[in-house]
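Going down the list, the protein sequences come from chains A and B.
Under my numbering, the residues of the first sequence are numbered 1 to 463, in order.
Under my numbering, the residues of the second sequence are numbered 1 to 463, in order.
Don't read these hints as lab results, they were simulated from the structure.
Quick caveat: nothing in here was measured; it's all calculated off a predicted structure.
It is possible that part of the hints are untrue.
Identical copies carry no separate label here, and so any pair may be met within one copy or between two of them.
[Stated by the list, open to error] Below, simulated SDA-like cross-link-like pairs (lysine to any residue); rule was C-alpha separation at most 25 Å, straight line: (1) Lys113 x Thr318; (2) Lys317 x Ala279; (3) Lys394 x Gln462; (4) Lys113 x Ser257; (5) Lys394 x Ala35; (6) Lys272 x Thr318; (7) Lys317 x Thr206; (8) Lys317 x Trp275; (9) Lys426 x Val393; (10) Lys317 x Ser277; (11) Lys317 x Gln50; (12) Lys317 x Thr208.
Number of protein chains: 2
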Amino acid sequence: MPNAYDYATQHADRFKDQLIELLRVPSISTLDAHADDVRAAADWIIADMQRIGLENVRKIEHDTYLPLVYGEYNGAGPDAATVLVYCHYDVQPAEMADGWTSDPFTPVERDGKVYARGALDSKVHVIAQLKAIESMLAAEGGLPVNVKVLFEGEEESGSEHIFGFVPENLDLLAADTVVVSDGSMPDPAQPILVYGLRGLVTMRLTVTGPQRDLHSGHYGGNVHNPIQALAEIIAQLHDADGHVTVPGFYDDVRPLSESERALLAGVEPWVKAEWQSLANAPQIWGEPDYSMSERMGARPTLEINGIGGGFYGDGFKTVLPHRAGANISCRLVPDQNPAKILAALDAYIQHLTPPTVTATLTETEAGAPGILIDRESAPVQAASRAYEAAWEVKPIFSREGGSVPIVAAFQQQMQVPVVLMPFGYKGGGAHGPDEYVPVDLLHKGISAAMTFYREYAALAQQA
Amino acid sequence: MPNAYDYATQHADRFKDQLIELLRVPSISTLDAHADDVRAAADWIIADMQRIGLENVRKIEHDTYLPLVYGEYNGAGPDAATVLVYCHYDVQPAEMADGWTSDPFTPVERDGKVYARGALDSKVHVIAQLKAIESMLAAEGGLPVNVKVLFEGEEESGSEHIFGFVPENLDLLAADTVVVSDGSMPDPAQPILVYGLRGLVTMRLTVTGPQRDLHSGHYGGNVHNPIQALAEIIAQLHDADGHVTVPGFYDDVRPLSESERALLAGVEPWVKAEWQSLANAPQIWGEPDYSMSERMGARPTLEINGIGGGFYGDGFKTVLPHRAGANISCRLVPDQNPAKILAALDAYIQHLTPPTVTATLTETEAGAPGILIDRESAPVQAASRAYEAAWEVKPIFSREGGSVPIVAAFQQQMQVPVVLMPFGYKGGGAHGPDEYVPVDLLHKGISAAMTFYREYAALAQQA
Chain A
1 MPNAYDYATQ
11 HADRFKDQLI
21 ELLRVPSIST
31 LDAHADDVRA
41 AADWIIADMQ
51 RIGLENVRKI
61 EHDTYLPLVY
71 GEYNGAGPDA
81 ATVLVYCHYD
91 VQPAEMADGW
101 TSDPFTPVER
111 DGKVYARGAL
121 DSKVHVIAQL
131 KAIESMLAAE
141 GGLPVNVKVL
151 FEGEEESGSE
161 HIFGFVPENL
171 DLLAADTVVV
181 SDGSMPDPAQ
191 PILVYGLRGL
201 VTMRLTVTGP
211 QRDLHSGHYG
221 GNVHNPIQAL
231 AEIIAQLHDA
241 DGHVTVPGFY
251 DDVRPLSESE
261 RALLAGVEPW
271 VKAEWQSLAN
281 APQIWGEPDY
291 SMSERMGARP
301 TLEINGIGGG
311 FYGDGFKTVL
321 PHRAGANISC
331 RLVPDQNPAK
341 ILAALDAYIQ
351 HLTPPTVTAT
361 LTETEAGAPG
371 ILIDRESAPV
381 QAASRAYEAA
391 WEVKPIFSRE
401 GGSVPIVAAF
411 QQQMQVPVVL
421 MPFGYKGGGA
431 HGPDEYVPVD
441 LLHKGISAAM
451 TFYREYAALA
461 QQA
Chain B
1 MPNAYDYATQ
11 HADRFKDQLI
21 ELLRVPSIST
31 LDAHADDVRA
41 AADWIIADMQ
51 RIGLENVRKI
61 EHDTYLPLVY
71 GEYNGAGPDA
81 ATVLVYCHYD
91 VQPAEMADGW
101 TSDPFTPVER
111 DGKVYARGAL
121 DSKVHVIAQL
131 KAIESMLAAE
141 GGLPVNVKVL
151 FEGEEESGSE
161 HIFGFVPENL
171 DLLAADTVVV
181 SDGSMPDPAQ
191 PILVYGLRGL
201 VTMRLTVTGP
211 QRDLHSGHYG
221 GNVHNPIQAL
231 AEIIAQLHDA
241 DGHVTVPGFY
251 DDVRPLSESE
261 RALLAGVEPW
271 VKAEWQSLAN
281 APQIWGEPDY
291 SMSERMGARP
301 TLEINGIGGG
311 FYGDGFKTVL
321 PHRAGANISC
331 RLVPDQNPAK
341 ILAALDAYIQ
351 HLTPPTVTAT
361 LTETEAGAPG
371 ILIDRESAPV
381 QAASRAYEAA
391 WEVKPIFSRE
401 GGSVPIVAAF
411 QQQMQVPVVL
421 MPFGYKGGGA
431 HGPDEYVPVD
441 LLHKGISAAM
451 TFYREYAALA
461 QQA
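If we strip away everything but chain A, and leave its shape as in the complex, we get (with noise of 0.2 Å):
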């Protein structure tokens, strides 16, 4: 039998070509005047779903949004698994104004980079898996599991209807795990393996003193500043070591064991790197009995977004605002619960509140749980086999700081074990100017896209 990784290589250029060809089309989401050109995307993966040979390939559209992209793969029988591949394949806009050396949708290939719109974020994993499951198909015949393909068109403009659509369709979408094929590695040379994502909970405070603005003459020295109290409650929000104060907010953190430890120690160097390159602030700050990587991915955070009151623009104004107030959000991990946290801080606010105003806190946006992905589970051990055959280094495991709101969508839906599987390199400059991605990474992540069906295979046969 032939060998897909061989069909693989013999086809190389032509699916960097068919990645090239995909990044012409200027699919982006946020602008309305590019919907076509989103459809048109759409309509080239339909094409070529069809041609690679996927059943019940189909266009969900719906007048008011952009369309998902669906494609199955039936031949390994209703005994084997089925794995659930998501990526999107719309990107953010962009312009040679913003800084780009060249045309951002007439992709150009310069030291072994394609450089374009959305190389990177995300059509790489698009074509990747495709790819993967092509060479596959027409090198072996077939898949040992069944898969599903989803793809969506508005991911970079708020994934307005992709939330309704997997708990109305989890019959068409019923798999045993789900692949979130996205994101990015620190080093072109070392995949990382994302297993968990701190949730958020988004609030915002006011702090109201005076019953209107006053003259900071006539009334300086005999009003509590609404700005100052605010600052005053703000301040002790943290201790000097970085603790966030709140009474119970650590009280469901799931503590780290000796074993995670020293499995994020593996991430470290790579966080501590970035952190010098893009925040590089004058020294890095946070709970000291925790590392970064930790701190990062593994420990809640409670961060004030933004600040507001008084006159604050060109020039000066000597008013003593009636009030003040403040943009609050806690990244959570698990088992933090957003509603208890928002209560937690809420009391804990109205403790801190002097009687010389008053403070209300109210939730902005509902919230999320953070989320982990069990590390030992079938999907995760073949993602990891399959990162480690195709670049023949150990991926590194780690917490990342943010939200990935489709990763809990599937996980809290579909009630199976989720996988993140990025092919994209964290330098390639995602939603920047000069967007790229290594070719490099386009046929190494075809590669593990095949060892993982292999390896996941083989595990699900065995439990």
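Given chain A's structure and the hints, the job is docking chain B onto it.
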């Protein structure tokens, strides 16, 4: 010899009508479209000055600014004292849409009050001062002092030129005392003598952390948020009792004598009542070892006038901002030095700033020191007697919390005692809709202005 007070009583209706006539001229100095109206008001005043017999009457004009109006009475002879009287005749804008019951430039008398823009601020002072001179000249043939009258036409628009005009015209303006006739009393039946004004220094504090705005998910927990750091600095600028904690801040504050504390106790009920009606915060705040009137006028403050950082508009952005800042001002009392206070605050803020961020403090405008007027000086004693004679109640003595820059300019440039003589009423709503002045205050003001000249002449002769 006929009596000037009787003359004023006989002509009371005409005087009120003249006030109403002047109020019909919309001398709005803040709107270019009304520049000719400001000049028309100046012409009206000049005509009246000439009619009542002032000499050397002139409009001091320049292409680029609204006129000063000047006139003098030299009949008391070269050995008599000279009084310079300052008022302003320009007004704030006003429109029916702001909530006026009747047209702001069609004066209406209701319940013994004249409603019109500028009635209180400050045309009642212009007319009272002119009619006092007229009454003495017409009924008694002269005044016991020489008088120079200087009326400003751009007080409401920033007094762009008078601060240059005074030092350049010290010979023209030379006098033994300056009466600044503007402002309000807390009750129409309770005149007030303001003998202290606070100075001001204004600053901007900027706190910078990372080199760019960051994603609060990726970096939250490893970066000292500049908004948090700013709040932590601000929170340390006052102690729990409301004292400013900046080392050296109070070093030069002139202590209050027991007699001055007793004097200021007289104004305390008015300060408290105004606070309740206008500020009305949940609770009074301030240094517990001082009364409200002392805290308003005799104690310096450190106020946060504005704050900004991150995202604080509609909605929410989970940004970890690279910078945050605050506008800060200090109200100063004698003998604090603005430059010294700025330096002390800067040093303290640098001391408070942790190594995780940088902080810079810059002055935004030139600072001004606080002012104290000698309560025992002849003009203040004369004003006190004049108020008591006209109102049949002793004036209360007060130190105001704000600044009146023209008082500082006269005091510093001319090196003579200044006295503030307000005939307005705080409840009359200067700058707001339905501004009014009780007619009664016009007539008492005329009477007090006349008595002031007599009393001051007598005291000046004794000296």
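So, going through the hints one by one against the coordinates:
1. Lys113 x Thr318: neither (55 Å within a copy, 32 Å between copies)
2. Lys317 x Ala279: between (33 Å within a copy, 18 Å between copies)
3. Lys394 x Gln462: Within one copy only: 23 Å inside, 101 Å across.
4. Lys113 x Ser257: neither (40 Å within a copy, 79 Å between copies)
5. Lys394 x Ala35: So Lys394 and Ala35 fail the 25 Å test inside a copy (41 Å) and across (79 Å) alike.
6. Lys272 x Thr318: The answer is between: 21 Å across copies meets 25 Å, while 43 Å in one copy does not.
7. Lys317 x Thr206: Result: close both inside a copy and across copies, 21 Å intra and 17 Å inter.
8. Lys317 x Trp275: This pair counts as between: shortest inter-copy Cα distance 21 Å, intra-copy 38 Å.
9. Lys426 x Val393: within (18 Å within a copy, 79 Å between copies)
10. Lys317 x Ser277: between (38 Å within a copy, 23 Å between copies)
11. Lys317 x Gln50: neither (66 Å within a copy, 41 Å between copies)
12. Lys317 x Thr208: Both ways: Lys317 and Thr208 sit 19 Å apart in one copy and 23 Å across, limit 25 Å.
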